[in-house]
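Number of protein chains: 2
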Amino acid sequence: MTDEHVTQEPQAEPEEQVDELTAAIRERDEYLDALQRLKAEFDNYRKRMARDQQELAARASERLVRELVPVLDDLERALEAAAEHEEAKLEEGVGLVHRSLAELLAREGLVEVETNGKFDPHSQEALLAQPSDQEEGTVIQVLQKGYKLGDRVLRPARVVVSQGSDGQ
Amino acid sequence: MTDEHVTQEPQAEPEEQVDELTAAIRERDEYLDALQRLKAEFDNYRKRMARDQQELAARASERLVRELVPVLDDLERALEAAAEHEEAKLEEGVGLVHRSLAELLAREGLVEVETNGKFDPHSQEALLAQPSDQEEGTVIQVLQKGYKLGDRVLRPARVVVSQGSDGQ
Chain A
1 MTDEHVTQEP QAEPEEQVDE LTAAIRERDE YLDALQRLKA EFDNYRKRMA RDQQELAARA
61 SERLVRELVP VLDDLERALE AAAEHEEAKL EEGVGLVHRS LAELLAREGL VEVETNGKFD
121 PHSQEALLAQ PSDQEEGTVI QVLQKGYKLG DRVLRPARVV VSQGSDGQ
Chain B
1 MTDEHVTQEP QAEPEEQVDE LTAAIRERDE YLDALQRLKA EFDNYRKRMA RDQQELAARA
61 SERLVRELVP VLDDLERALE AAAEHEEAKL EEGVGLVHRS LAELLAREGL VEVETNGKFD
121 PHSQEALLAQ PSDQEEGTVI QVLQKGYKLG DRVLRPARVV VSQGSDGQ
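Protein chains in written order, with my numbering: chain A, 1 to 168; chain B, 1 to 168.
There's no promise every hint is true.
It does not matter which identical chain is meant; a pair holds if it fits inside one copy or across any two.
[Said to hold, decoys possible] With a Cα cut of at most 30 Å, we get these calculated BS3-like pairs of lysine-lysine: (1) K89 to K39; (2) K89 to K145; (3) K89 to K148; (4) K89 to K118; (5) K39 to K145; (6) K118 to K145; (7) K148 to K39; (8) K47 to K89; (9) K118 to K47; (10) K118 to K148; (11) K145 to K47; (12) K39 to K118; (13) K47 to K148.
No lab work stands behind these hints: they were computed from the structure.
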């Protein structure tokens, strides 16, 4: 559009300068147009992202909720067995629920904190130190399991640590 | 902008035209600069969003996993009670696990599908139709609970529907 206007202009001025002006105006208009379009695109993208993020968080927990529904079913069956004093069925049911939930959590990346060997202050919490024939600083008992998700410690293992047998 | 320039053009003296060229070049450079900066900003934003989204999904499931760890603890205590044939403790434990999990899922927005009254094909699945003294099309038995998350049916309730008492 701009080009047409400008090139129709009277040729009274030195041709070179007109060409230069024409080119500058054309480029200016192209950049402005590109700038406005990019701004609009960016705005839309930002809006879409805000929506997407809410949905993404909702979907991530929805997936887990969906997987937990059968666990809830199994628990309810176990409760029914309990109400009817069918002990074998109750025990079996609890075993099943435990396996399902443990597997589900493992798929999400949950792993137990290791407790074999030396006490590790990053993933373990020493609640007690006791004399023992194990080397000093060795974990001798686990009071509560700890869990990690990837590298992150969700809960430290609560342990008893050996003081060694020096004192005895 | 373009129009103003163009309409001033015919009367332009050489000097004015130089000014006009200078102005057009300055504007062109400003727009180009703004365009390049916006592009860079957009690129960074896109990259950050890609990272954020992964993290967001991870955080959403991490939150749930974290809440499920105590449920797993309770289940393990119930299993220990089962192993030691402490039936009362086992039953109590299963009740506790059920309550914890049901409450956790309710907080996530899980609700049971209603099954009082008329059969609802959107949230229920009729596995059987049986003659009964209930009005035709009434749900008379729930074979498996259904669940909704918000408006979405995660699983329809599986029900038996009354055929009415006409046939009898």
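Do the hints match the structure? See the list:
| no. | hint | verdict |
| --- | --- | --- |
| 1 | K89 to K39 | neither (64 Å within a copy, 64 Å between copies) |
| 2 | K89 to K145 | both (27 Å within a copy, 20 Å between copies) |
| 3 | K89 to K148 | between (32 Å within a copy, 29 Å between copies) |
| 4 | K89 to K118 | neither (41 Å within a copy, 34 Å between copies) |
| 5 | K39 to K145 | neither (53 Å within a copy, 50 Å between copies) |
| 6 | K118 to K145 | within (16 Å within a copy, 49 Å between copies) |
| 7 | K148 to K39 | neither (43 Å within a copy, 40 Å between copies) |
| 8 | K47 to K89 | neither (53 Å within a copy, 53 Å between copies) |
| 9 | K118 to K47 | neither (51 Å within a copy, 42 Å between copies) |
| 10 | K118 to K148 | within (18 Å within a copy, 48 Å between copies) |
| 11 | K145 to K47 | neither (43 Å within a copy, 38 Å between copies) |
| 12 | K39 to K118 | neither (58 Å within a copy, 53 Å between copies) |
| 13 | K47 to K148 | between (35 Å within a copy, 28 Å between copies) |
In the structure shown, a violation is registered for the earlier hints numbered 1, 4, 5, 7, 8, 9, 11 and 12, in ascending order.
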